[in-house]
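J.: This is what each chain is made of:
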Amino acid sequence: QSALTQPASVSGSPGQSITISCTGNTSGFSIYNSVSWYQQHPGKAPKLIISGVSNRPSGISNRFSGSKSGNTASLTISGLQAEDEADYYCHSFTSTSILVFGGGTKLTVL
Amino acid sequence: QVQLQESGPRLVKPSETLSLNCTVSGGSISLYLWTWIRQPPGKTLEWIGYIHGSGPSTTYSPSLESRVTMSVDTSRSQVSLNLNFVTPADTAMYYCARLTEGGFDVWGQGTTVIVSS
Chain G
9 QSALTQPASV
19 SGSPGQSITI
29 SCTGNTSGFS
39 IYNSVSWYQQ
49 HPGKAPKLII
59 SGVSNRPSGI
69 SNRFSGSKSG
79 NTASLTISGL
89 QAEDEADYYC
99 HSFTSTSILV
109 FGGGTKLTVL
Chain P
434 QVQLQESGPR
444 LVKPSETLSL
454 NCTVSGGSIS
464 LYLWTWIRQP
474 PGKTLEWIGY
484 IHGSGPSTTY
494 SPSLESRVTM
504 SVDTSRSQVS
514 LNLNFVTPAD
524 TAMYYCARLT
534 EGGFDVWGQG
544 TTVIVSS
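So the protein sequences, as listed, match chains G and P. Just so we're aligned: 77 in this note's numbering is position 69 of the first sequence, and the numbers increase by one with no gaps anywhere. Just so we're aligned: 458 in this note's numbering is position 25 of the second sequence, and the numbers increase by one with no gaps anywhere.
The following block holds chain P by itself, in its conformation from the complex (with noise of 0.2 Å):
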C-alpha cells in the first residue's frame, strides 16, 4: 500500500525558500503524477503542481508559477516542493498526493507551514 509522509520546516520567515519533501513508500514514484495541494487555515484546499515520477515535465498552478519549483528523486523516492519568497498568505497546511486519471487517490497526512518572522 502506497504511504506518503511529508516532510520540512514549519516556520520560514517572510522573503525565504519553503522547502518541503515528499517520500513515497510502499508503491513505484516513476509511473505516476504527484502533486503539491496546500489549504489555509479554514480555507479551501489549493492546487499547487504537480510533476512526472520520472521527471522533469511539470505543470504549475497560474497563481504561483513564478515562485514554485518541483522535483523528483527517485533514487530517494521523494517529491520535492521549493516555493521563494514566501509572505504569510503562504501560511497552510501542504499536502502531497498522488494524482491519477480518476483524481488524488493517495494523500500524506499533510505538514504545517508557517510564515512568520
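Extracted from the complex, chain G is given alone in its bound form (with noise of 0.2 Å):
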C-alpha cells in the first residue's frame, strides 16, 4: 500500500476534464506544499507535469492544473485529448525528509 492514496483508474472522453486526487493515508505522511505531479506514457520515464501543488513547468501544457485542500492534493486535466492518456503519479515530501509516490492513476481517454 503506497504512503499516498491515487485511484487506480480514471477516463473521460475527449474534450471532457477529469480530476485525479491523491491523499496522504497516514497522520506521518501530510500533503505538503510540495506535491508534484507526474505523467508516464507506457515505456518511457515519468515527466514532470505539476511542481509544488500547483506550478506547470516550461513547456507544460495549461490544460494541466494542480490544487491542493487539507490533506488532498488534485490533479485536473481539462480539455482532455487522446495523447493524455498516461499513467499519473503524485508525489511529496514528508516530515522526515522522506519522499513518497502514490499509486498511480490510470488515464483511459475514451
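Honestly, the hints are just simulated from the structure, not real lab data. There may be inaccurate statements among the hints.
Said to hold, decoys possible - Derived EDC-like pairs (lysine to aspartate or glutamate); straight-line CA-CA distance at most 20 Å:
no.: 1; chain 1: G; residue 1: 52; chain 2: G; residue 2: 91
no.: 2; chain 1: P; residue 1: 476; chain 2: P; residue 2: 523
no.: 3; chain 1: G; residue 1: 114; chain 2: P; residue 2: 479
no.: 4; chain 1: G; residue 1: 114; chain 2: G; residue 2: 93
no.: 5; chain 1: P; residue 1: 446; chain 2: P; residue 2: 523
no.: 6; chain 1: G; residue 1: 114; chain 2: G; residue 2: 91
no.: 7; chain 1: G; residue 1: 52; chain 2: P; residue 2: 479
no.: 8; chain 1: G; residue 1: 55; chain 2: P; residue 2: 538
no.: 9; chain 1: G; residue 1: 55; chain 2: G; residue 2: 91
no.: 10; chain 1: G; residue 1: 55; chain 2: G; residue 2: 93
no.: 11; chain 1: G; residue 1: 55; chain 2: G; residue 2: 95
no.: 12; chain 1: G; residue 1: 52; chain 2: G; residue 2: 93
no.: 13; chain 1: G; residue 1: 55; chain 2: P; residue 2: 534
no.: 14; chain 1: P; residue 1: 476; chain 2: G; residue 2: 95
no.: 15; chain 1: G; residue 1: 52; chain 2: P; residue 2: 538
no.: 16; chain 1: G; residue 1: 55; chain 2: P; residue 2: 479
no.: 17; chain 1: G; residue 1: 52; chain 2: G; residue 2: 95
no.: 18; chain 1: G; residue 1: 76; chain 2: P; residue 2: 534
no.: 19; chain 1: P; residue 1: 476; chain 2: G; residue 2: 93
no.: 20; chain 1: G; residue 1: 114; chain 2: G; residue 2: 95
Put the two chains together into one complex; each comes in its own frame, and the hints tell you how they fit.
T.: Quick look at the structure:
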C-alpha cells in the first residue's frame, strides 16, 4: 500500500475534464506544499507536469492544473486529448525528509 | 539542457550487489540533489534515496536503507547506486532523476535490471 492514495483508474471523453486525487493516508505522510505530479506513457520515463502543488514547468500545457485542500492534492486535466492517456503519479516530501509516491492512476481517454 | 544517462548490468544474480551509474551532462552536478527511483514491472514508482551533488549527505528510503549506498563522483559527473543482497523483488526499471524543491524535474531514460540466477 502506497503512502499516498490515488484512484487506480479514471476515464473521460475527449474535450471533457477529469480530476485525479492524491491523499495522504497516514498522519506521517501529510501532503505538504511540495506535491508534484508526473505523467508516464508506456515504456517512457515519468515527466514532471505539476510542481509545488500548482506550478506548471515550462512547456507543459495549461490544460494541466494542480491544487491542494487539506491532506488531498488534485490534478485536473481539462479539454482531454487522446495523448493524455497515460499513468499519472503524485509525489510528496514528508516531515522526515522521506519521499513518497502515490500508487498511480491510469487515465483512459474514451 | 541537463541530461541523465543510467548505465549498469542488466542481469544480477540473487544475493549479489546491483551497481548502477548515472552520468550527468549539460549542467552542474554539485548544485543539486540526485535521486534514484525504481519501478517494478506493472507497479508504481518507488523512491530509493537521494544524495547531494557535492556529497556525501544522503537520505535513503527506510525500506531499503540497510542495503543501499549512494555516492557522487564530481570529476566524472556521476551518481552511483549500490544495492546489496538483491532478490528477484529488486527486478525493476531503475531511474536517476534530479530533485529540486518542486520535484523530480529531469529524468534519465531508465535502465532495466533483472535479478535472476
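J.: Run every hint past the structure and note whether it holds.
T.: Structure-based check of all given hints:
{"no.": "1", "hint": "G:52 x G:91", "verdict": "holds, 14 Å"}
{"no.": "2", "hint": "P:476 x P:523", "verdict": "holds, 12 Å"}
{"no.": "3", "hint": "G:114 x P:479", "verdict": "holds, 17 Å"}
{"no.": "4", "hint": "G:114 x G:93", "verdict": "holds, 8 Å"}
{"no.": "5", "hint": "P:446 x P:523", "verdict": "holds, 11 Å"}
{"no.": "6", "hint": "G:114 x G:91", "verdict": "holds, 13 Å"}
{"no.": "7", "hint": "G:52 x P:479", "verdict": "holds, 16 Å"}
{"no.": "8", "hint": "G:55 x P:538", "verdict": "holds, 8 Å"}
{"no.": "9", "hint": "G:55 x G:91", "verdict": "holds, 14 Å"}
{"no.": "10", "hint": "G:55 x G:93", "verdict": "holds, 13 Å"}
{"no.": "11", "hint": "G:55 x G:95", "verdict": "holds, 10 Å"}
{"no.": "12", "hint": "G:52 x G:93", "verdict": "holds, 13 Å"}
{"no.": "13", "hint": "G:55 x P:534", "verdict": "holds, 16 Å"}
{"no.": "14", "hint": "P:476 x G:95", "verdict": "holds, 11 Å"}
{"no.": "15", "hint": "G:52 x P:538", "verdict": "holds, 15 Å"}
{"no.": "16", "hint": "G:55 x P:479", "verdict": "holds, 15 Å"}
{"no.": "17", "hint": "G:52 x G:95", "verdict": "holds, 11 Å"}
{"no.": "18", "hint": "G:76 x P:534", "verdict": "holds, 17 Å"}
{"no.": "19", "hint": "P:476 x G:93", "verdict": "holds, 17 Å"}
{"no.": "20", "hint": "G:114 x G:95", "verdict": "holds, 4 Å"}
Violation of the numbered hints given earlier is absent; every hint is satisfied by the structure.
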